[in-house]
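S.K.: Chains as they are written, first to last, in this note's numbering: chain R, 1 to 48; chain U, 1001 to 1423; chain V, 2001 to 2223.
In short, the hints are calculated from the structure, not lab data. Because the structure is a prediction, the values reported are computed rather than measured. Among the hints, erroneous ones may be present.
[Said to hold, decoys possible] Pairs of lysine to any residue, SDA-like flavour, derived with a Cα cap of 20 Å:
id : chain 1 : residue 1 : chain 2 : residue 2
1  : R       : Lys3      : U       : Tyr1312
2  : V       : Lys2187   : V       : Asp2092
3  : V       : Lys2149   : U       : Ala1405
4  : R       : Lys3      : U       : Val1234
5  : V       : Lys2044   : V       : Ala2011
6  : V       : Lys2149   : U       : Glu1183
7  : V       : Lys2171   : V       : Leu2111
8  : R       : Lys3      : U       : Ala1405
9  : V       : Lys2149   : U       : Asn1181
10 : U       : Lys1206   : U       : Pro1063
11 : V       : Lys2149   : V       : Met2170
12 : R       : Lys3      : U       : Asn1181
13 : V       : Lys2171   : U       : Glu1183
14 : V       : Lys2149   : U       : Arg1157
15 : V       : Lys2149   : U       : Asp1041
16 : V       : Lys2187   : V       : Pro2217
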Amino acid sequence: MSKSSILYALFCLAVIGGFVTTIRSGFSPFAQGGQRAFVHTAYGPTHK
Amino acid sequence: MTETAATVRALTCPACGGTIALRAAGYTVSLVCEHCGTTLDAADPEVRVIAAASAAMTRPEIPLGTRGALDGEQWEVVGYLERSDGESGWSEYLLFNPYLGYAFLLDDGRRFSLGWLLDRLPESAVDGLQYASETYRRFGTPYKTWVRFVVGEFYWRVAVGEQVRVTDYVLPGKMLSCEENDEERTWTLLELLDRGVVERAFGIDKRGNAGAPAPHEPSPWHSRLIDAIIIGTVAALTLLFIAAIGSNTHQLAAADFTTTIDAPMTSQVIKGITLTNPAGTAVTIAARADGIDNGWVDVDLSLVNAVTDQSYGGYVLVEHYTGTDSDGAWSEGDRRNRATLSNVPPGRYDLVIELTGHRWVGPGQSPASAWGTADVQPVSIVLTTGGVFAGNMLLALLAILLWPAILWALHLRFEQRRTAPVT
Amino acid sequence: MINADCPNCGAAVRFRSADLPVRVCDYCRSSLVRSGEVLQAMGKIAEVPADVSPLQIGTRGMWTETPFELIGRVRWRWADGGWNEWLMLFADGSTGWLGEAMGRYMALRALDHAAGRTGVVRALRDDSPIALGMDATIDRVRYIVTDIKQATCVASEGELPFSAPAGLAMKSLDLQASDGRCASVQKDRGQVSVYVGAFVDLAGLRATNMRAFEDWPMPNFAA
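Throw the hints in and build the complete structure from the sequences for me.
M.R.: Structure, rendered in structure tokens:
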């Protein structure tokens, strides 16, 4: 197993560890919280 | 009969008088003098001149007579020739060992390959040529080659200009080369030697790695790519498994409210929401207004900590629109939507909900009359905790796939360079 | 092992085989022909020219599970080179030939029958033209003709089944099958003989007692 493959395996472990942490703490950079500002200008259907 | 003899014999070239060595007496048939280039008939005991020199003499990079060990066996360079296919040229060293016979050392200017004449014929297979249980794919198209330069001794009547038609078949690390002319067809099996092996064995300068890959050169990325795909697949599956078992959600609160379209905002509270996870909780608030049509409801949310008054804001838009046009009836919008709050600290919370319902007036529609009946729409709110953010999973999967994707691109680029036609 | 004295020079002559009629005296190079108990000197045989063949009289090995020893050699010459044919004496008293050319070896045994119905064999016998690439089926194996040579004998040594004087003319065909088997059909003095066998290498023959060269180590397979 080459050095880069071992490093990649460790990297994957880190990613998985990070993922587990977000589950346990309910964290996400994708939570939308207050997005009212965006939508404000675009009420109504966009069809046509 | 048991005394040992030397294999190298000194001869005098009848053309130039120079001293030349005969290293494979009994096998050598043509000997090209290294001083003057004259071809001598070594099959004739008188060693007569066959052909005069036809080109200026150059010295091969590995001098004639050099000994080197390859794979634990000793070899001596006895002959050297240069061949060309009209576009590129390469050299071949004839190696000799009295107990092992002859081998060819092919030099394409960058890499060396060791070649042997085959005694048995390869067989055609569905996808190429089979030899010794391995399948070779044809590389490029058949091409003509001719000898441009020759020096040293050979076991056939070699001559400058002698032509053969070559077809190559490859697999990573090996090549089967078929050479034919009117009289015979021979097969040679070549193995690509690792970089530096020949330079160390025969004492020549180490070569750099610049230049196009050899046709049978294995991709340097291949084994790492396989490792990365295996590791990446295991990691991705682990991720999916963890997501599956960690995605339990709990509903903590639910309530139904109403909102009046085009009336001022109404404020409601759901009290007594307790979050217990000390590390933080993901809170999802879903809003639903199943009766809405051609209107929308702004749902402004605040999750307020009962003790600290710390507030976490969110917003949900539920909407729906319908109409007809030249294509027929259309509808648009989502009557159900949700907002997520991430990493909310533990504690007791109240959820403050501010609802504002609106009608949408399209072009050509008349606004609602001020004296029409009020449009009261139900809005239900559900608060759940836990679950897995799809965004997190996607981010993690992309991170995992990044390295295999890079290796894949590098591997493809190498293979493209390897199989590019020689120009 | 039979011992006798050379009728020409008196040197000791040993015979490993009781059946072979010809022996070249190692010392005076007379061709000694045996008929019954009588040994007759019939002319001189030229010295075999020096070469770097790793084989010598006395080299031993194994082919088709049978041990053999090389007891004789004939050297042939043609327009574009030369080759050796070494006589193999097997443990069961039978003989075969180990052809050595261009660093490659063919181990062959004579066919009992002359394969007279094979087209190529008949063509050789009748002196009809033979082309490279011609098909031949000998003993149920398919071959194609890969080599046609007009050769003359240069020299010989050791024990032989026939007398091989210098200048003896011979026409030789080499044939190859696709799986490493090969055959050789030869015509000399009006007689056609057919030999079948396979390509071999010295490692595969487990050759021992090979010739030693002062500037070459023994190869790994013989170490």
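S.K.: All the hints need checking, so say for each whether the structure fits it.
M.R.: Hint-by-hint comparison with the structure:
Of the pairs offered as hints, the one joining R/Lys3 and U/Tyr1312 is violated, with about 46 Å between alpha carbons and a cut-off of 20 Å exceeded. For the proposed pair V/Lys2187 and V/Asp2092, the alpha carbon gap of about 27 Å is over 20 Å, so the pair is violated. Annotation: proposed proximity of V/Lys2149 to U/Ala1405 is violated, straight-line Cα distance about 60 Å (limit 20 Å). This hinted pair checks out: R/Lys3 and U/Val1234 have alpha carbons roughly 18 Å apart, not beyond 20 Å.
Taking the CA atoms of V/Lys2044 and V/Ala2011, the gap is about 15 Å. The hint holds against a cut of 20 Å. Distance check on the hinted pair: V/Lys2149 and U/Glu1183 sit about 13 Å apart at the alpha-carbon level, within 20 Å; holds. The hinted pair formed by V/Lys2171 and V/Leu2111 meets the criterion: a straight-line CA distance of about 18 Å does not exceed 20 Å. Restraint check for R/Lys3 and U/Ala1405: satisfied, since their Cα atoms lie roughly 18 Å apart, inside the 20 Å limit.
The suggested pairing of V/Lys2149 with U/Asn1181 holds, with an alpha-carbon distance near 18 Å, which does not exceed 20 Å. Among the hinted pairs, U/Lys1206 with U/Pro1063 is consistent with the structure: their alpha-carbon atoms are about 16 Å apart, no more than 20 Å. Proximity of V/Lys2149 to V/Met2170 is assessed by CA-CA distance (about 8 Å); at most 20 Å being required, the pair is judged to hold. For the hint linking R/Lys3 to U/Asn1181, the alpha-carbon distance of about 49 Å lies beyond 20 Å, and the restraint is violated.
Distance hint between V/Lys2171 and U/Glu1183 is fulfilled; the C-alpha atoms sit about 18 Å from each other, no more than 20 Å. Of the pairs offered as hints, the one joining V/Lys2149 and U/Arg1157 holds, with about 15 Å between alpha carbons and a cut-off of 20 Å not exceeded. A hinted pair counts as satisfied when its Cα atoms are at most 20 Å apart, and V/Lys2149 with U/Asp1041 qualifies at roughly 18 Å. Between V/Lys2187 and V/Pro2217 the alpha-carbon distance is near 39 Å, which puts this suggested pair outside the 20 Å criterion.
Comparing the model with each numbered hint stated earlier shows that hints 1, 2, 3, 12, 16 do not hold.
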